[in-house]
Every structure is written in C-alpha cells, then in structure tokens.
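Trainee: Given only the sequences and the hints, what does the whole structure look like? Please build it.
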Amino acid sequence: MQIRSERQTTSFKSKIKGIAERVAISFFFATFFITIFLMTCKTDIDKYLNIINIMSVDIKKANNDKVSIDLVKKQIINYPAYGTIYANLIIPSIDLYYPVYHGDDLDIMMKGIGHYAGSFFPGENGSILLAAHNNVHFQRLYDVKLNDKIILETIYGTFTYEPYDFKVIDATDEDALPINQGEEILMMYTCYPRTAVGYASKRYVVYSKLVEANYEKVKSN
Amino acid sequence: MKKLNLIKEYIYMFLISLLALLLISSLIFKFTILNSNYMINLLDNNNYYELLYNDIHKEMVNNIPSSGFNETIFNNIFDINTLKNDTKKILINFYNNEETNLDTSNLKITLEGNINSYINSNNIIASNKEEITNFINLIDKIYKDNVIPTSILNNYKDKIYKLNIAIIIIIIISLINFALVLILKRKNIKNYITIPLLFCAFIYFFAFIYIKCSVDINNLIIYNDSITLLIKEIFNNLIKYLIMIAIICIELDILVELIFRNKK
Chain A
1 MQIRSERQTT SFKSKIKGIA ERVAISFFFA TFFITIFLMT CKTDIDKYLN
51 IINIMSVDIK KANNDKVSID LVKKQIINYP AYGTIYANLI IPSIDLYYPV
101 YHGDDLDIMM KGIGHYAGSF FPGENGSILL AAHNNVHFQR LYDVKLNDKI
151 ILETIYGTFT YEPYDFKVID ATDEDALPIN QGEEILMMYT CYPRTAVGYA
201 SKRYVVYSKL VEANYEKVKS N
Chain B
1 MKKLNLIKEY IYMFLISLLA LLLISSLIFK FTILNSNYMI NLLDNNNYYE
51 LLYNDIHKEM VNNIPSSGFN ETIFNNIFDI NTLKNDTKKI LINFYNNEET
101 NLDTSNLKIT LEGNINSYIN SNNIIASNKE EITNFINLID KIYKDNVIPT
151 SILNNYKDKI YKLNIAIIII IIISLINFAL VLILKRKNIK NYITIPLLFC
201 AFIYFFAFIY IKCSVDINNL IIYNDSITLL IKEIFNNLIK YLIMIAIICI
251 ELDILVELIF RNKK
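For the record, the sequence lines run as chains A and B. The letter at position 135 of the first sequence is residue 135 when you use this note's numbering, and the numbering goes up by one with no holes. The letter at position 73 of the second sequence is residue 73 when you use this note's numbering, and the numbering goes up by one with no holes.
Careful: at least some of the hints might be erroneous.
35 Å max Cα-Cα, derived DSBU-like pairs, lysine-lysine [to be verified]: (1) A:K66 x B:K232; (2) B:K232 x B:K159; (3) B:K129 x A:K202; (4) B:K159 x A:K111.
What the hints contain is simulated information worked out from the structure, not anything from laboratory work.
Mentor: Dropping the structure here:
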C-alpha cells in the first residue's frame, strides 16, 4: 500500500512538473516573440498609435487658456484647438461683430467666421485668410471701404487692419489668395455676386494691411 | 548530440507555435473585417444607417447658406432605405473585387426638380444655369463620398483580394505542418499541441492588455459620426475576440492535458 501511494505521489509530482515545464516554455516563447516584435516594429506601432490617439479628442476638454505669442519670433505658442473660437472680428462701419473660429469647414461656417488653418495667425507677420457665407456673417462685406477699421480681438492681443484693395476672383484662383510670411495681410472673402444662386463660381475679396497691434491680454466672449 | 537534438526540437516547436498564431490571426480577420456578411451585420445591428443619414443630410444642409436656397430642396432626394441598399451593394462588390460605383441619377433628377420648383415659387432669377448644375453635382458628390468613400475602397480592393489569397496559403501550409507533426512527432504530440496553444494565449492576452492601455477608443473621432461608430465597433469586437481566443486556447490546453493524462 505504501509503495503504491509513493508511486502515485511521484506520478502526480511528475505530471505537475510536466505541466509547469510546458507553461514555462510557452511563456518563454511568447516573451521572446514579443521582444523581437517590439524591437523591429516599435516605431511603426508608436506611429499608428499616435495617429489613433490624435484622433481621440475629448472636445469638451479642449481649451485655449495657454494660447500666447512669442513677440521676438512672431510665433504663436500653443495654437488654438481646431474648431474653437480664438477671436472676434469687428468692423464698426458695417456693424459686424462675429466670432472667429480656427478652421473653415462648413460646420464652422454655419456658426461664425472661419480662419483657414493653413494661413498665419494675427501677430505672426504673415497672410491671414478668413471666410464666411455672403448671406450670413459676411452679408455686408461688399460695403467695406478704404480707410474703414477692421479689428481682430484675439485671446492674446488686438490687431487693427485697414483695407487697401478689393477684387472679384474665380473660386479656384489660389494665386489671388497667397499665403506668405514677411508682411501681415488680412484677406476676407465670400461668395460673389451677392445674389448668387447655386454654387457661386466667384469670390469677393477684401485685402487689408496691419496698422496697429496691441498685445495686452483680451478676454474672448 | 542529445543537446543539439533538443535545441532543434525546441526551434521546431517555436515555429509550429508561430504558425498556430498566424493561422488563428488569419482566421479572425477572415471571419470579421474580410467578411462581407460580418460587415453588413455590423451595420444592421447598430444604428449606422440613421447616423449616416444624419451625417449626409447635415453636410448637404451646410451648403445651403451659400446657395440661396433652403432645406426643402433636399426633400425626398434620398432616404434610409436607399442608403442601406446602396451601402450593401458597394460592400458586396468591394469584397467580390468588382467595380464599386453608385447610380445616383434618381437623386440628381429629384434635386433638380426641387430646385426648379423652389426657384419658380420664390420668383428667383437664376441667371447662371451652370452654377445650379455645379450645386447639384456638389450634392451628388457629398452623397457618394459619404455612403462609402469609393475612392478609398478602390485603393484597397486589390490589397484585400491579395490578403485573402495569402490567408488561404497560410491555412494550407499550417495544415501540412500540423499533419507532419502528427506523423513524425507522435511520441511528443502533447507538447506540440499544448505549447502552441499556451503561446497563442499569452500573445493574445498581452495584445489585449497593450491595446487597452495604449488606445483611447472611446473618444475616437474619424471623419463623421457614422464612420466613427463603425471603426469603434470593429475595434471593440477585435479586442473582445483577442481575450476570448486567449481563454479558448487555455481551455483547449486543459482539455488536452486531461485527455493525455493517463498516457505516458
């Protein structure tokens, strides 16, 4: 009986040992494979994970409290989040007072004036492109005249512009809306003519140059 | 010599484990994102078509302010059933490696009729007919680009087809190797079954943890609400399958241990 019991105990121990061996070997194979995989593909994995996480935006948490400007480099520090308000556009001569959003997709242009994300910001000494619909926010853009004051009240400063030119261009004429750095030009455009029906093939553009910049912090609405 | 044979044994075991991982992963893809029925069921079981309808309608309405019209011109130009039929047709053609083109002539004809009716009833002078044609084409493009982005699909059609061929090759190679193991490694067959199963379980469990910790899927936004919903559902399902298969591998391993427990 004792011998049989000893044999059973030995048999049970060897089975447990066998199972433990197989688990250890599989675990070793798995960690080896994962190490080699991460060593060879880590850059690509990180790249794709970053892309996915950039697209995971909790919009409710987006805020522009840290938007500021480096006055020496003439560059924005912490750009406003896409789709958020960063300024108000004020043109007293035509009673215009509307918010300006970062971005100019159609969703934004239903709510306010869109700032083309590929253009510079006020204070960066470059071209600024603003767009809005001609029967909503830029209804009276055609009535802006030379010497009118155009004010961009941003969250980091107030900028005043004066119009110097007005043009009617083709909707596809990108050369008429150049994005350059070196001189701060504000270009505001909308559909043309005022009574256009359907998809307007022309745009009305008001070109203005910077005449005054005031960098005290302004609270946005 | 004995040690060399042991090393060769372990290397072959590792390769069989890799093959098992490749086979299971291929089958996961084959029965999910590479399967048209799976995709169609996914769309049917979530409120994808309702969200898609809202996305398309909203994008069309965004073009109203600059057009001089109002929203009534979009009445009856398309509905949820049209969307469902068009989407399914595109998906099936895509998975069968056929041309993915939409026929939107009904939409354009209805829209043109609505526009003419609006112009006449509001005494609008539309001097430039070309601008109205351009507007109709723009709305048509919005519908086509949103139902299924056919330009993107056409880029991936060939890749999906090649991937399907690769999966078939993987299945054949795996079956041949497993048959060889059954014939040549009969004495050690328990190791050649349990070790690959546990290996796959560890890998899938690690992948599940890594993806869960690295990706913020809940706040994902891609293109519009309907595409975002679709991507989130596919992602969540794949993560679920990873942990399920890890558990199944462990259960199968336990089963094999029990079957072979009395054999030497």
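Trainee: Going through the earlier hints one by one, which of them does the structure break, listed in rising order?
Mentor: Per hint list: single violation, 4.
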